[in-house]
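Those sequence lines, one after another, are chains F and U.
Just so you know, the first sequence maps onto residues 1 to 121 in this note's numbering.
Just so you know, the second sequence maps onto residues 1 to 125 in this note's numbering.
Incorrect hints may appear among the rest.
Claimed, not checked - Examples of chain F residues toward chain U, derived with CB under 10 Å: (1) Val22; (2) Met46; (3) Thr50; (4) Arg66; (5) Ile81; (6) Val82; (7) Leu89; (8) Ala100; (9) Thr102; (10) Pro104; (11) Met108.
As the list claims (entries may be wrong) - Okay, the calculated beta carbon distance ranges per label pair: (12) U:Ser39 <-> F:His92: 47 to 53 Å; (13) F:Leu117 <-> U:Ala121: 46 to 52 Å; (14) F:Lys110 <-> U:Ile54: 20 to 26 Å.
By construction, these hints were calculated from the structure, which means they are not laboratory data.
Note that the structure is predicted; figures quoted are calculated from it, not measured.
Cβ coordinates follow ideal geometry from the N, Cα and C atoms, glycine included.
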Amino acid sequence: MKKVNKTTKKPPAPVELLIVVVNPAKSGKVFEILHEWEEKNSLAVMGCGTSDSNLLELFGFGIVERTVVMAIINTKNGHEIVHEIATKLQFHTPEFSGVAFTVPVNSMEKSFLKLILEGGK
Amino acid sequence: MSKENAKFDLVVAIINKGFSDYVVDAAKSAGATGATIISGRGMGVHEQDSFMGIAIQPEKELVLVITQKENRAKIMREIVKQANLNTPTKGLCFSLPVNDIAGITHLLEKDKIARRNKKRAKDEN
Numbered sequence: 001m002k003k004v005n006k007t008t009k010k011p012p013a014p015v016e017l018l019i020v021v022v023n024p025a026k027s028g029k030v031f032e033i034l035h036e037w038e039e040k041n042s043l044a045v046m047g048c049g050t051s052d053s054n055l056l057e058l059f060g061f062g063i064v065e066r067t068v069v070m071a072i073i074n075t076k077n078g079h080e081i082v083h084e085i086a087t088k089l090q091f092h093t094p095e096f097s098g099v100a101f102t103v104p105v106n107s108m109e110k111s112f113l114k115l116i117l118e119g120g121k
Numbered sequence: 001m002s003k004e005n006a007k008f009d010l011v012v013a014i015i016n017k018g019f020s021d022y023v024v025d026a027a028k029s030a031g032a033t034g035a036t037i038i039s040g041r042g043m044g045v046h047e048q049d050s051f052m053g054i055a056i057q058p059e060k061e062l063v064l065v066i067t068q069k070e071n072r073a074k075i076m077r078e079i080v081k082q083a084n085l086n087t088p089t090k091g092l093c094f095s096l097p098v099n100d101i102a103g104i105t106h107l108l109e110k111d112k113i114a115r116r117n118k119k120r121a122k123d124e125n
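Whole structure, please, built from the sequences with the hints as guidance.
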């Protein structure tokens, strides 16, 4: 019976899913950054964000419009892309400008994976 | 940014349209600071229905919540409990790990304040 080495770590996935939640007015900037990185597989959907203020919710301003941009990107670019989006869209400011994060992808269809890995900087 | 990356998860709840408020309230009561809601359509096997030959696809809402790892289980439990996700037709909730994240200054500040208060309480005792 073959022994399985449980301590062996799996290598990181070559692609990951980038999700950016941002004001609709700034979503164009996100696409510009992705285009600069030659990450062309992206999608934007309309969404709503929630406010942290009970006062705003009382006056009916609790829900604000947001654009959710999703893109499958090369893992090696992920950290830099998130950092660039955060810097250029000024996520560090106290007022809520948005959030960007990446989620690992377990598996993907081969030809699409090849397309993504061959593109990018 | 790199040190904080391993500490966050994405909780996703898929629920019938109109019930996202329950999910958001449940998440907030368990410590979440906010959520993002997007619309979708249900294509599940048990959701396929038709009326006079016209297919009916129920409208769904996806609620996305970024949370720290230690709060994830609590938030998911509250969502399942308050939004009644444990009934067959109400929806589902799952979580995904987050690799890199930016724009969570408000979460980090809250965490810093909580740790400082905890330390002060410990010192006073």
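Against the structure, the hints:
For the restraint placing Val22 (chain F) at the interface with chain U, the shortest Cβ-Cβ distance is roughly 9 Å, inside the 10 Å limit, so the hint holds. Of the supplied interface hints, the one on Met46 (chain F) holds, with its beta-carbon coming within about 7 Å of a beta-carbon of chain U, less than 10 Å. At its closest, the beta carbon of Thr50 (chain F) sits 5 Å from a beta carbon of chain U; the interface hint therefore holds under the 10 Å criterion. Here the hint on Arg66 (chain F) is kept, as its CB sits about 6 Å from the closest CB of chain U, short of 10 Å.
The closest approach between the C-beta of Ile81 (chain F) and any C-beta of chain U is roughly 9 Å, which is under the 10 Å cut-off, so the hint is satisfied. A distance limit of 10 Å between C-beta atoms decides the matter here; for Val82 (chain F) the minimum to chain U is near 4 Å, and the interface restraint holds. Evaluation of the Leu89 (chain F) hint against chain U yields a held restraint, the C-beta minimum of about 8 Å falling below 10 Å. For Ala100 (chain F), the interface hint holds, since its Cβ comes within 10 Å of a Cβ in chain U; the closest pair sits about 5 Å apart.
Annotation: interface hint on Thr102 (chain F) holds; nearest CB of chain U at approximately 4 Å, less than 10 Å. Proximity of Pro104 (chain F) to chain U holds as hinted, the smallest CB-CB distance being about 6 Å (cut-off 10 Å). Taking 10 Å as the C-beta cut-off, the interface hint given for Met108 (chain F) is violated, the closest approach to chain U being about 15 Å. For Ser39 (chain U) and His92 (chain F), the hinted distance range of 47 to 53 Å is not satisfied, since their beta carbons lie about 30 Å from each other.
Taken as a hint, the range 46 to 52 Å holds for the pair Leu117 (chain F) and Ala121 (chain U), whose Cβ atoms sit roughly 51 Å apart. At roughly 38 Å, the beta carbons of Lys110 (chain F) and Ile54 (chain U) sit outside the given window of 20 to 26 Å.
Comparing the model with each numbered hint stated earlier shows that hints 11, 12, 14 do not hold.
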